[in-house]
Every structure is written in C-alpha cells, then in structure tokens.
Amino acid sequence: MTFLLDVKGLNVRFRTEFGLVHAVNEVSFSVSKGETLAVVGESGSGKSVTALALMRLLDRTALIDGEASFEGVNLFTMSEKEMQKIRGARIGMIFQDPMTALNPVFTVGDQIAEVVLIHRDCTKQEAKTRAIEMMGLVGIPDSRRRVDQYPHEFSGGMRQRAMIAMAIANSPSLLIADEPTTALDVTVQAQVMEVIRSVQESIGLTVMLITHDLGLVAGFADRIQVMYAGQLVETAERDRIFYETRNPYTRALLDSIPSQLGVPGTELKTIGGNPPSLLSPPPGCLFQPRCVHATEDCRMTRPELKSVGQNHLSRCLRSSDLGVLR
Amino acid sequence: MSEPILRIENLVTKYPIRAGLLRRTVGHVHALNNVSIDLMPKETLGVVGESGCGKTTLGRSILRLVEPDSGRVMYGGSDVLTANSSGLRGLRKDLQIVFQDPYASLNPRLPINEIVGEPLAVHGVTKAERRARVGEILREVGLLPEHGNRYPHEFSGGQRQRIGIARALILNPSVLILDEPVSALDVSIQAQILNLLRRIQLEKQISMIFIAHDLSVVRHVSDRVAVMYLGRVVEIGDRTSLYENPKHPYTASLLSAVPLADPVTERSRKRIVLQGDVPSPAHPPSGCEFRTRCPIAQERCVTERPAMQSMEGVSVACHFPLGRDESLVSRLNR
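So the sequences go chain by chain: P and Z.
With the first sequence counted from 1, adding 2 to any position gets you the working numbering.
With the second sequence counted from 1, adding 5 to any position gets you the working numbering.
Please keep in mind that the hints were generated in silico from the structure rather than gathered at the bench.
Check before you lean on any hint, since a few could be wrong.
[What the hints assert, rightly or not] Mimicking DSSO-like on lysine-lysine, the simulated pairs with C-alpha atoms at most 30 Å apart in a straight line are:
id	chain 1	residue 1	chain 2	residue 2
1	P	K271	Z	K47
2	P	K83	P	K130
3	Z	K47	Z	K275
4	P	K35	Z	K98
5	P	K271	Z	K132
6	P	K126	P	K83
7	P	K308	P	K35
8	P	K35	P	K10
9	Z	K98	Z	K275
[Stated by the list, open to error] Pulled from the structure, derived: some chain P residues nowhere near chain Z, Cβ distances all over 12 Å:
id	residue
10	F31
11	S71
12	H214
Built from N, CA and C at the ideal position, the CB exists for glycine as well.
Work out the full structure: start from the sequences and follow the hints.
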C-alpha cells in the first residue's frame, strides 16, 4: 500500500508569552491516493494547525517536528524554495473564508492565472485560458466574462468556487479543504461540496477535509479521524466511526448534535466542562475530566492510540471493556 | 385557541441604499416585506432562512433596534412601533433579546455584575437588590454568583452566551428573542446552551422566537417554524408538518440540503441542489421571489406573487405547493 501522504509523529508547539502551547501532539496518519479523509474536531482541537503545518504556513512562533512524506519527499526538511514548488502545484488548499482569501484589487481571473504562471512555463494568455477552463470546471457560469470580474462581484458561493479553481489549477494530487463551507449558507454548501466531489472524480484528486460538521462528513468522507485537544483520538473508515464508535469523545460529539432524525424537544446529551488548557495539559487522558466513563486510572495514565478493529484506532484506556459505544 | 402574546402585522423594514459622493438615497432594500406572524404564549417559534432573508432584521424590528417603516407589533394591547420612549422602556422589560456573538455583545470593560444588572439599574432597582438578583440569575444559567466580579474576557464562548441569556432574563421577560444564539459555539457547547434554554422555558413559561440558519437546531427547539426568503415568510406551520411534509419548494430544498450525521441515510437520500444564489434583495425578481431558483417554477410565478394560503395546518406562499406526502423529487419526476 502506498500512501500519498504519510505523517509520522507530528508535534506543533507555539511559543507564547505564557509558555509553550502544545497544539498538536504526536499525530500520525496517512492518506491513500484518491480517498477523502475527514479530520473532525472542535475549535482548538488542532485540526487546522495540522493542515497549516503540512503546508508550512505557520509563522515563526511555531515549533514543528515530525515527518511528513508526500510523494516521496519530506515536507518538513525541504527548503522554502522547494516547498514553494509543492504549495499550489502538488498540494492545493482552500480556506474557510473566501472573502479574505481573495485579493480585492485583482480580478478573479488574474489570481487564478497567477497560480498557473508561477508554476508553469507558459504565456499570460495560456494562463488565462487555463483560468477560464478551471472556472468552468467548478461551475462558475459565463466564465469567459467573469474571468475579468473582481472578487466583490462574486457571491460567497462563487468566491469559494473561484478558490477551488485556484487550488486545482495546477492539477495537484492533494487538496486540503479547511472548513470550506462553514461561512456559506446550506444550499450553497451543497453546491460547493458537489463541486469538490465532481472535481475529485474528474481529475482524480485526494482530499483532506477539515471540518467540525459531522453531517458533512457522513455524506462525503471515506475515512474519518477525530481530534481532541491536539491529539488524534479515533480513526476509522466512515461507517465504523458512526456505527461502531469506540472512543468516548467521538460518541459524546455524535450525541450532542441535534439530529434531523432525533426526537425534538428532548434534553440533548452534552459534554460537560470545557477542553483542557494546552499550555499545561493535565496528566492522564486529556478527555478524562469530561468523560462519563472515566476511572481513577484515566486520571493517571495517558492512553495510547490502539488498534480496536480493522483499520480502526482509538485512544482510550477502557476501549476493550467498553466495547462499541452507543 | 388562546390569544397570541405577540402579534406581528404586515411589518415592513427598508434600508436605504446610498450611493455617490453625497450619499444620496438611490433606492431601498426591503429587508422585511409584509411579515405577519403570531407568537403564542409559551411556544417557541423558529425562524429559518439563508443569509439576507431578513431573519435578523425581524428580531431587531420587533424591539425597534432598527425602526420598521410600517406595520404593527402588538404586545399586551399596545403597539411597540408607536410607543413613546417611556412606553418603549416598559415594553422592552417584557421583550428581551439575546445576540449571536457572545464576544461582541458584552462590554469588555464592565464586570459581569454590571452587565447583567444594567437592565435592573435602568428600571430603578437598588444596588443591594441588584446584587442579589444577579447572583440568583447567574446560578439559574449555570454560572456561580462569584463569577459576577469577573470580566467577559475571562469566560469561554459558551459561558459568555450564558451571561447574555442571564442579562436578557433578569427582568423576567415574557418574550425572549434569540438571534442565532448558538451558531458561534462548538457543538458540545451548543448542546449545553440548547438544554439551558429548554429548561428556562419549562420553568419560566416564556415565549421564544428562535432565529437561526441551522435547520436541525431549529427543529430541535421549535414548536412552530417560519421559513423566510428575501424578506418574506414563505411557509409557516407546526414543526412536524413543516419538516416532514414541506409544502413550499424552498422549504423542501432547504431541508434537502442539510447534511445528516448518518451515513446510511445520507447515501439513500435524493438531494435537490438549488442552482444559483439568493438574488439581491435590492432587485428582487418579479412575481414570486423564489422563482429564479425554483425547480418547479412556471409562467404564472413570473407575473403573479403568490398569496399566503392555508393548507393542512400550515400556511404557504406558493402557486404550486407540494401536496400531502408529495416530495419535491416526486414532483420533478412526475
């Protein structure tokens, strides 16, 4: 089995005036060619930081260690110059807020063409043609005319499509989508997810989808990994995460969504308390103070990520005696 | 059938569009266009719609935080919209609002005691009594009285939203307007706040208008639901009918776009993906506002705006509403 991306022992720490913040701790995972991996977690779980670290987009306050091999090279040891050849060419990325990610003083077409010009030996005209082609691919109607428009002339959904066009203009093998639809209305979200799916099929893209929305993941991901307080707590093929949940945090997260299928008006299950401070994480299991299954042992011993089934890992001391959580 | 506690009648709120050097008014955006809604005692009315549909303007217009242009908001025999400033102060005691962003809606320079106690001060309650009442209400929303001496930045998002709720509850209102109260919060914290609101409603028997874009959340909390599109209510009815058998094609497509956290259901669903975006409210389409995106629009929808009609327990503004047990998918395949 060859992986497109193989991350081993990723740690990200931020230097702050209060001390080191352990944002990502010993995260290891791999993404196979063509699959969609969803990284799910709440704010502060480290899901975005993981993506930004892989793209080497974090600033100097971040201390990164670990290994990330992508198409046979280690992303963390290459020079900035080499990294530039990967970013936007081999790995494309789209962000949550398409308004701030586009430059308001250049036309959308120029911004897509720029990405092409940087990475390819081609003329401006060829780059523009490519931009028009990409805009068509992501479903921007009338792309010949809209290529010369500015971002403010685009709606939120159209801007996100333009971002996708930019991210895939150089036919990357990996697309990292960080909360791509969080800022969008639900009908537009459905359109944008459809675009990502169709692009994925037409150019054979591998997608890493970062989101807090378990609903989105249910219809879109092949595999899911759940993060909590900078750690990977559970990972498995999609249906196993939903129907054979093994980690108490994943279970609690699933239970706290008011489901379209649940009984309205009833008390929702909640996760008491708040996530721990990552400045000085407590000993033992990081979820333990909020966990309904916690024991004395959980307070003392930090659990490891262990295999609990086929390609199914969970970080819980009690996973064998708790079994499948419903 | 009991009398509504709050009657919103033909409410119209326009925002001027200003342009040019002199900022002359060149037109108006109809943020609310003839909105009529009755709020019944002790019920929760959910208001859903996409951005720009006017749901936030609705909440603010009811309290005159933005001034509506016409219509009436009847509460306890008087019209909120024509009340003078002292009358309005009295009415606002009964009608309270909780805002979306718990980071922006609390004054960072005031301790919680003063933020939560301010409405009491406005209504002339003494300092000692204020302190006691604030301690009590903080406990009710799941905080501790000693939290009162702290400042907003010392609290997490969920706790801040609790503070916002405490501030709204301290005058014992009979109507609470909640404008996207949980959309800035993580799901686990969101569930805590939804449970808190549910408990408060059961204990205090207040009526709520719950404005949100998240249809699953609205389904969970509401007794009745109003769906808005471009400043108008297009469908309103009890929760079960509306969610299980939507009549308006917009309601149906909105529901079909919501992803469900269940892979098996997701796989078997037939999704209607609406084309295009919400049109600009400054230049709404002729006839039915929804027709430009409607998968079942016909000639008549271009020329004639549909009136609200009652059918099977809901009210719907559509020329060709979906029938009993008819889905949008089956209509399209007909």
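Original post:
If you draw a straight line from the CA of K271 of chain P to the CA of K132 of chain Z, is it 30 Å or shorter?
Top reply: 38 Å, violated
**OP:** With 12 Å as the threshold, tell me whether H214 of chain P passes as away from chain Z on beta-carbon distances.
**Re:** Violated: least Cβ distance 7 Å, not greater than 12 Å.
Subject >> Holds or violated: K98 of chain Z to K275 of chain Z, with C-alpha atoms at most 30 Å apart >> reply: 47 Å, violated
**OP:** Mind checking the alpha carbons of K83 of chain P and K130 of chain P for me, to see if they're no more than 30 Å apart?
**Re:** Holds, at about 25 Å.
Original post:
When you check the alpha-carbon spacing of K35 of chain P and K98 of chain Z, does it fall within 30 Å?
Top reply: 60 Å, violated
Original post:
Given the hint that K126 of chain P pairs with K83 of chain P, does the C-alpha gap stay at or below 30 Å?
Top reply: 23 Å, holds
Original post:
Are the Cα atoms of K308 of chain P and K35 of chain P separated by 30 Å or less?
Top reply: 24 Å, holds
Original post:
Holds or violated: is the Cβ of S71 of chain P farther than 12 Å from all Cβ atoms of chain Z?
Top reply: S71 of chain P clear of chain Z: closest Cβ-Cβ about 30 Å, beyond 12 Å.
Subject >> Hinted pair K271 of chain P and K47 of chain Z, Cα distance within 30 Å >> reply: 24 Å, holds
**OP:** Would you check whether the claim that F31 of chain P is not at the interface survives, using Cβ distances to chain Z and the 12 Å cut-off?
**Re:** 20 Å, holds
Original post:
Holds or violated: are the alpha carbons of K35 of chain P and K10 of chain P at most 30 Å from each other?
Top reply: Between K35 of chain P and K10 of chain P the Cα gap is close to 17 Å, so the pair holds against 30 Å.
**OP:** With a cut-off of 30 Å on the C-alpha distance, tell me whether K47 of chain Z and K275 of chain Z pass.
**Re:** Distance of about 36 Å is beyond 30 Å: violated.
Violation of the numbered hints given earlier is confined to hints 3, 4, 5, 9, 12; the remaining hints are satisfied by the structure.
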